[in-house]
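Chains X and W, in that order, are what the protein sequence lines are.
Take 1 as the starting number for the first sequence in full-length UniProt numbering and just add one per residue.
Take 1 as the starting number for the second sequence in full-length UniProt numbering and just add one per residue.
No lab work stands behind these hints, which were simulated from the structure alone.
Be aware that one or more of the hints could be misleading.
What the hints assert, rightly or not - Heads up, simulated DSS-like pairs for lysine-lysine below, C-alpha to C-alpha not over 30 Å straight-line:
id : chain 1 : residue 1 : chain 2 : residue 2
1  : W       : K140      : W       : K415
2  : W       : K252      : W       : K230
3  : X       : K285      : W       : K180
4  : W       : K46       : W       : K128
5  : W       : K310      : X       : K285
6  : W       : K157      : W       : K183
7  : W       : K161      : W       : K89
8  : X       : K285      : W       : K405
9  : W       : K183      : W       : K290
10 : W       : K128      : W       : K140
11 : W       : K310      : W       : K89
12 : W       : K161      : W       : K183
13 : W       : K161      : W       : K310
14 : W       : K427      : W       : K183
15 : W       : K366      : X       : K285
16 : W       : K343      : W       : K128
17 : X       : K285      : W       : K75
18 : W       : K357      : W       : K180
19 : W       : K427      : X       : K285
20 : W       : K221      : W       : K310
21 : X       : K285      : W       : K157
22 : W       : K89       : X       : K285
23 : W       : K161      : W       : K140
24 : W       : K366      : W       : K343
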Amino acid sequence: MTDMTSEVARRGPRSGARASRTPAGGALRSGGAPRSWKTRPLRRLTPWLFLAGPLLLLITFTYVPVGNMIFYSFTDWDGVSPDRRMVGLDNYEQIFTRPELFRVFFVSFYYLAASFVQIAIALYFATVLSFDLRFRNLFKGLLFFPYLINGVAIGFVFLYFFQDGGTLDSVVSWFGAGGDHAWLGSAESANTSLAGVSVWRFTGLNFVLFLGAVQSIPAELYEAAQLDGATRRQQFRHIIAPGIRPVLSLSVILAVSGSLAVFEIPWIMTGGATGTQTFVIQTIKLAFQFNKTGLASAAAVILLLIILLITWIQRRLVPDERTDLV
Amino acid sequence: MGKKSLSGVLITAAILAVAGCSGGAAPTGETANAPADPGKVSGEIKVLTHRTDLVQNGTMDEYAAEFNRVYPKVKVKFEGITDYEGEVKIRMNTDQYGDVLMIPNAIAKDDYPKFFASLGSETQLAAKYRFIDKSAVAGKVYGVATVGNANGFVYNKAVWKNAGITDWPTTPARFLDDLKAIKAKTDAVPYYTNFKDAWPLTSPWTGILGSVSCDAQASNKLVSADPWVKGSDLSVADTLLYDIVHGKLSEKDPSTTNWEASKGMIARGDIATMLLGSWAVTQMQDAAEKAGTDPDDIGFMPFPAQVDGKYCSVVSADYLQAVSIHSGHKEAARAWVDWFTDKSGFAQNEGSVPTLKSSALPPTLKPYTDAGVKLIEVSQSRTGQVNAIDKAAEIGLNTPDYRQKLIDMARGAQKGELDDYLTDLGKRWNEAARTAGS
């Protein structure tokens, strides 16, 4: 305010007698440049009006449910009954005193291993397809396509794929191997198969992220490297890899948190049978099969905390520094 | 400023969330009385049902039209819900769950008075209807079964005959021998578990309770006794299931079974046997007609166990119909429940056991009555406690998990011995019984 009035005051003599006669406020309103929320409340409100819709949705569907979940985790609610009792930290105590509830995290290692395979494949294709190549865009489309398919549909498709005498069996038998394997039949085989489905599905996403990052590297760098006689391998090692480091570390965070929270593929394909139960499936079963909504909420809160913790550690280990290639 | 107002919004949201949780106390103790004069009762009622097929093909509307001849001023609307259990359970957190509905299994029995209007006293209704004790809380009844079902094995007579078997097996050991004969002499899968679809591992197998021992108190006894003690109903049933799978008498890859496809497979004779309820017989016969095979080949046999030279089969209630406590037209809703149970002929049409005691048994159970199978109705007066123990123990008598694990062990996909497993289940049950259900 003070700056504005002083500006008017400074302008005063030059802009003539009319301005000096009108009160300061009036001069401001007609002045154009100087504004405040007191004089133009709507303008101040404008960004909030734009934000209102998304914020309302965000609060209703993210923060309120999370608040509810945290509240439920301190109760013994069964999910239906109108009565619930506050039990304090009982649910959390139960989770930490029952080691079998954490055993399901071992299943996550299958998905974690798979996600590194997935990152490697995506990185390979992103690098290859960022150079001039015939049918480049076709391959890009092919690689990204699986990510566009609904997860439920993928579950069903692969159920037939792994079926006894199904697609995979017939393909394997073309190569002379005994095409008769119960892919989802034992715990190791089932988890590996399911992790394979997850690789198939999410490689496209990683690929697109990497491709975007690779293509944002200035072309002159490649030219210069080529003039210096650098091989493709050397170009990758010294230009591409450091250039996409932030995206790479983001992918690793997503991979770790994703493999801790695997849900839809095993849920649809096996329902958690044959040792494919993940932590989220276990939580859902606690909540909806055994009506222990309170305990399940506590489990969900703990999963959230674990993921936050892992992300925090990872950000500590790999600080998000700016990449500077030139 | 921006940051402050955002956190302000978040705090407000959190407060709202917590405030929203507290909720108000629900009314209890309401009664839905039958209207004295059918011509006078009026109003529009909504009926929630799991039979989406009957809503879609207009059968339910036909029932409603019949109903309107007696109660002209009542308008009945149906809402068929595919995932009935999951959806209605969540909807019951509000007070908008229709006027008449099937009681979801997830609702604890002791909570019935908080959700449903009472239909009358237990002694009064028990004289007229079967399965009344399933919904009786403190002497008052809150739901009437739509139909009941007998349990047993649906089997393909032609396949069993081809294997040289004409008589029903009388013990689990003989049943296994018969399955072995089927495996040796025919191309059919002797037994189909439906492992992937999972529910055929729950209600049909747990429904054995009472069939083996011929004891109407079998379910209630679970409150005080380990269900898997040697020789008990559940241990006999689960051992049989284990032995079937262990002896490779079931399908080769259980992890990719398909319920819809299994109907056609049993009709064509690719599958010999499945444990289900009497309701399944009509469905399999339909499948046989579609597949162009003889519907009469679909047979129904009781669980292979006899007491004093006689088979027993449990008849148990399907979903129970109840009147919502929040209904604005309780008299009209009650009129529908009464009419549908007593007069609609629904049970006969579906091949199920009618709830009304005076009605005749359906033709699907003719083989049972011919062979003198004793039909018993297992008392469910203590189901509330049994469920409380089951949930506390996280075993899930009515969920597939524990039998899926049993099958996995039987076929070597997971480590473990049957005896240890059943002992462990019993131990967990007993521990839970001490804390819950008291």
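Hints, one by one, checked against the model:
| no. | hint | verdict |
| --- | --- | --- |
| 1 | K140(W) with K415(W) | 47 Å, violated |
| 2 | K252(W) with K230(W) | 29 Å, holds |
| 3 | K285(X) with K180(W) | 36 Å, violated |
| 4 | K46(W) with K128(W) | 26 Å, holds |
| 5 | K310(W) with K285(X) | 40 Å, violated |
| 6 | K157(W) with K183(W) | 15 Å, holds |
| 7 | K161(W) with K89(W) | 45 Å, violated |
| 8 | K285(X) with K405(W) | 15 Å, holds |
| 9 | K183(W) with K290(W) | 26 Å, holds |
| 10 | K128(W) with K140(W) | 15 Å, holds |
| 11 | K310(W) with K89(W) | 40 Å, violated |
| 12 | K161(W) with K183(W) | 13 Å, holds |
| 13 | K161(W) with K310(W) | 23 Å, holds |
| 14 | K427(W) with K183(W) | 36 Å, violated |
| 15 | K366(W) with K285(X) | 40 Å, violated |
| 16 | K343(W) with K128(W) | 13 Å, holds |
| 17 | K285(X) with K75(W) | 39 Å, violated |
| 18 | K357(W) with K180(W) | 40 Å, violated |
| 19 | K427(W) with K285(X) | 21 Å, holds |
| 20 | K221(W) with K310(W) | 22 Å, holds |
| 21 | K285(X) with K157(W) | 39 Å, violated |
| 22 | K89(W) with K285(X) | 15 Å, holds |
| 23 | K161(W) with K140(W) | 50 Å, violated |
| 24 | K366(W) with K343(W) | 22 Å, holds |
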